[in-house]
Amino acid sequence: MAENTTSDRNSPPPPIEVRDLTMAYDERVIIRDMNFVVPAGEIFIVMGGSGCGKSTLLRHLIGLMAPAQGWVFRDGVDFWALSGAEQDRMKRRSGILFQGGALWSAMTLAENIALPLREFTRYREKEIREICELKLSLVGLAGFGDYYPAAISGGMRKRASLARAMALDPEVLFFDEPSAGLDPVSARRLDELILALRESLGATVVVITHDLASIFAIGGMAIFLDSGSKSIAARGRPQELLDQGSNPALLDFLTRGERHTRLPAARADGSSKV
Amino acid sequence: MAVSPDGGPVLALAGEWQLGRPRPAVSQLAWPEEAQRLRLDCQALRQWDSSILLYLRPLWEECQRRGIAIDLDGLPPGLRRLLVLATAVAAPLERDDLTEDGFVGRVGESSRQVLVAVLRVCSFVGELCVAVLKLLVGRARMRLCDLITESAKAGYQALFIVSLIGYLIGLILAFIGAIPLKWFGAQIYTASLIGIGMLRLMAAVMVGVVMAGRTAASFAAELGTMQTNEEIDALRCMGVPPMEFLVLPRFLAMTLMMPLLCVYGDILSLAGGLTVGVFYLGFGTVEFWEQLVLTTRLEDLYVGVFTSWIFGMLLGICGCYQGMNCGRDSAAVGRATTAAVVSSIVCMVIATALITVLTVLWKI
Chain A
76 MAENTTSDRN SPPPPIEVRD LTMAYDERVI IRDMNFVVPA GEIFIVMGGS GCGKSTLLRH
136 LIGLMAPAQG WVFRDGVDFW ALSGAEQDRM KRRSGILFQG GALWSAMTLA ENIALPLREF
196 TRYREKEIRE ICELKLSLVG LAGFGDYYPA AISGGMRKRA SLARAMALDP EVLFFDEPSA
256 GLDPVSARRL DELILALRES LGATVVVITH DLASIFAIGG MAIFLDSGSK SIAARGRPQE
316 LLDQGSNPAL LDFLTRGERH TRLPAARADG SSKV
Chain B
598 MAVSPDGGPV LALAGEWQLG RPRPAVSQLA WPEEAQRLRL DCQALRQWDS SILLYLRPLW
658 EECQRRGIAI DLDGLPPGLR RLLVLATAVA APLERDDLTE DGFVGRVGES SRQVLVAVLR
718 VCSFVGELCV AVLKLLVGRA RMRLCDLITE SAKAGYQALF IVSLIGYLIG LILAFIGAIP
778 LKWFGAQIYT ASLIGIGMLR LMAAVMVGVV MAGRTAASFA AELGTMQTNE EIDALRCMGV
838 PPMEFLVLPR FLAMTLMMPL LCVYGDILSL AGGLTVGVFY LGFGTVEFWE QLVLTTRLED
898 LYVGVFTSWI FGMLLGICGC YQGMNCGRDS AAVGRATTAA VVSSIVCMVI ATALITVLTV
958 LWKI
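Chains as they are written, first to last, in this note's numbering: chain A, 76 to 349; chain B, 598 to 961.
Derived by calculation from the structure, the hints in this document are not laboratory data.
Keep in mind the model is a prediction, meaning the values are calculated, not measured.
Where is the CB? At the ideal position from N, CA and C, for every residue including glycine.
Only true hints are included.
In silico DSBU-like links for lysine-lysine, alpha-carbon gap of 35 angstroms or less: (1) B:779 to B:960; (2) A:201 to B:750; (3) B:750 to B:731; (4) A:201 to B:731.
Derived CB-CB ranges, DEER-like: (5) B:713 to A:181: 28 to 34 angstroms; (6) B:756 to A:212: 43 to 49 angstroms; (7) A:312 to B:598: 56 to 62 angstroms; (8) A:160 to B:716: 19 to 25 angstroms; (9) B:892 to A:181: 47 to 53 angstroms; (10) B:924 to A:256: 19 to 25 angstroms; (11) B:609 to A:323: 39 to 45 angstroms; (12) A:114 to B:754: 49 to 55 angstroms.
If you want the ones that stay clear, here's a sample from chain A, every Cβ over 12 angstroms from chain B, calculated: (13) 93; (14) 142; (15) 145; (16) 146; (17) 150; (18) 202; (19) 218; (20) 226; (21) 231; (22) 260; (23) 272; (24) 274; (25) 277; (26) 326.
The following block holds chain A by itself, in its conformation from the complex (with noise of 0.2 angstroms):
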């Protein structure tokens, strides 16, 4: 099974599909028979608590740990079944925020945004410097060329490191708990960037979070990890899913354990008896 999965054949596949996935690690699996489907230029927010195999699905989705079953396709390809060489031409289709930015600390935040360029295009030297300090400025670290990593902040990382994503101007961007180690503005201000850059490029943007605040805040389609199920236990709007929603795992983690989780001493009756 290597080519064009999708129900519609007229229609153009979509950037991600995840047929009958299985996630595992060795003989631990993590989620098993996992199936869906991310649409063009749509947000897409994978949620669940932490230790819930998301990060474990993202490493599926750029390509960076085959499935232990089942199968990605992206562009209705099975990524898998391509060839190194392919493969790696796939993977540059797509651009990755990392939970820690992961920008190379050896390189300025410059360079960081323009080795992809010098090693995939044959764009001039004075092109690339302009296309860093554009992609710099877009996320509003105009004139930061020159720094380091270490010598700039943890939100100017992700920002830096988002730049960089962007240096090849991909289809797919993925950001891996875009607001992790953040203060509210700075993540509520990257949430913002998300969602300006998607509406102005028209990227597929898979969002991989926890963080209530931002999977409100950037909204689009969701699927909701389950560790106790090891499935997806919910998929729909976050908005919907917490009106609607029956899970009671779910709704535990949309509405921060509140929904029943008490402590014993504090409980409705009052009692508190162990």
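Here the structure of chain A is known, so what remains is to put chain B in place on it, guided by the hints.
What follows is chain B alone, placed relative to chain A:
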């Protein structure tokens, strides 16, 4: 333990409960027959810290074991909340490392891990060979500036330490060698000892050990930190092979620099030997040099340089392998660094033994 008006047992907690002071043991309590609920009375409790929790937690467990409910209403609110937190049972984690295997199972698992490690090393070396071949045909994604930077780190930046160690090792070897040679009046052969010993093997080993602790460890730490910070993942996601982009320049730098450092170490160690010959044994410089040239062959120098070239490859592989296979936490970087030094030295000793035996057998 007293009895309450309703007939149930009451445990009175009084006085000061502080860490460092003696506290009673739960096992000393006399439990009444058929007790169903234990009340706690803290009216006379004055000061308390974690000490009282260290008593209440086992008390709670004992009550659970005996099927007795504890009435916590008598506890101060803060203490009650702490006890609830301390007695909460976390959901068990699914862990792979807690399986209870027997002796045979453990041996099997260890053997499997060794086999996996060997296969990983083979795969790494194979990938590196492919990267070198791609470089030869001009298709490797390696930047020349990285090769120059790594060569500088592995080369001239190591000159000071190699100078110091080289000179002192030459000096020490000459001193030690001169003692028995003096017994036979053959102290002029100190020059031969230094020449053959240092040029053929000792300088290569000395430079190898220094570079294992200095550069191979730094490769492991650098690459390990990049692994921890997802920098290597970021490269992979762009389709940039880390083997070509990160490992190849480091491997080549070590392979190219080690023979040069070895020759430099040879010169400095000869200078150390000469110092002993002139100032301790009383020879002239020319006399020492003539003896050195007379008894030392050019092949000795070649063997030493060849050995250091092999060492360079081994150090490059060990340092980079450990870094690339590092875990994703800071402790793993420390382990990778240690493993890089240890594996480098072990590999060098094995290589030295092989080269020594082969060169003797082949009369080189």
